[in-house]
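Engineer: Its first residue numbered 1, the sequence shown is counted upward by one per residue in full-length UniProt numbering.
No wet-lab data here; the hints were simulated from the structure.
The reader is advised that the hints may include incorrect statements.
Claimed, not checked - DSBU-like, lysine-lysine: derived pairs with alpha carbons at most 30 Å apart:
id	residue 1	residue 2
1	Lys-47	Lys-76
2	Lys-2	Lys-47
3	Lys-2	Lys-69
4	Lys-39	Lys-53
5	Lys-13	Lys-39
6	Lys-13	Lys-47
7	Lys-13	Lys-76
8	Lys-47	Lys-60
9	Lys-2	Lys-76
10	Lys-47	Lys-69
11	Lys-76	Lys-39
12	Lys-39	Lys-60
13	Lys-2	Lys-13
14	Lys-69	Lys-13
15	Lys-76	Lys-60
16	Lys-69	Lys-39
17	Lys-53	Lys-2
18	Lys-2	Lys-39
19	Lys-60	Lys-2
20	Lys-13	Lys-60
Said to hold, decoys possible - Okay, the calculated beta carbon distance ranges per label pair:
id	residue 1	residue 2	range
21	Lys-60	Glu-80	18 to 24 Å
22	Gly-23	Leu-49	48 to 54 Å
23	Gly-23	Ala-61	34 to 40 Å
24	Lys-47	Gly-92	15 to 21 Å
25	Ser-64	Leu-6	21 to 27 Å
26	Glu-74	Arg-4	14 to 20 Å
Everything numeric in this text was worked out from a predicted model, so none of it was measured.
Virtual Cβ for every residue (Gly too), placed ideally from N, Cα, C.
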Amino acid sequence: MKIRPLQDRLIIKRVAEENKTKGGLFIPDTAKEKPLEGKVIAVGNGKVLEDGKVRAMDIKAGDSILFSKYAGTEIKIDGEEHLILREEDVLGVIEQ
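Build the full structure now, drawing on both the sequences and the hints.
Structural biologist: Structure (structure tokens):
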């Protein structure tokens, strides 16, 4: 299935989180928090401004991002969990 987000929304897939701490301790599933980092799968065209112009997105598909803890709506695409959120919920782009 293919989905194209509308306006200033984007679809991300959360990155896999570590099962082990730096000290070597294993973290049980019940103690894990969902990661706040993800990879952008698809982006919308941009935000429609009051004058009718479209402001292009600063984020593009393939970017790694950090986002707010309670941001977005969880969806399943082809059995995999994804998140749809607005560009304003993105805290930053991770540059490597």
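Engineer: Find the hints from earlier in the document that the structure breaks and name them by number, from lowest to highest.
Structural biologist: Violated hints: none; all satisfied.
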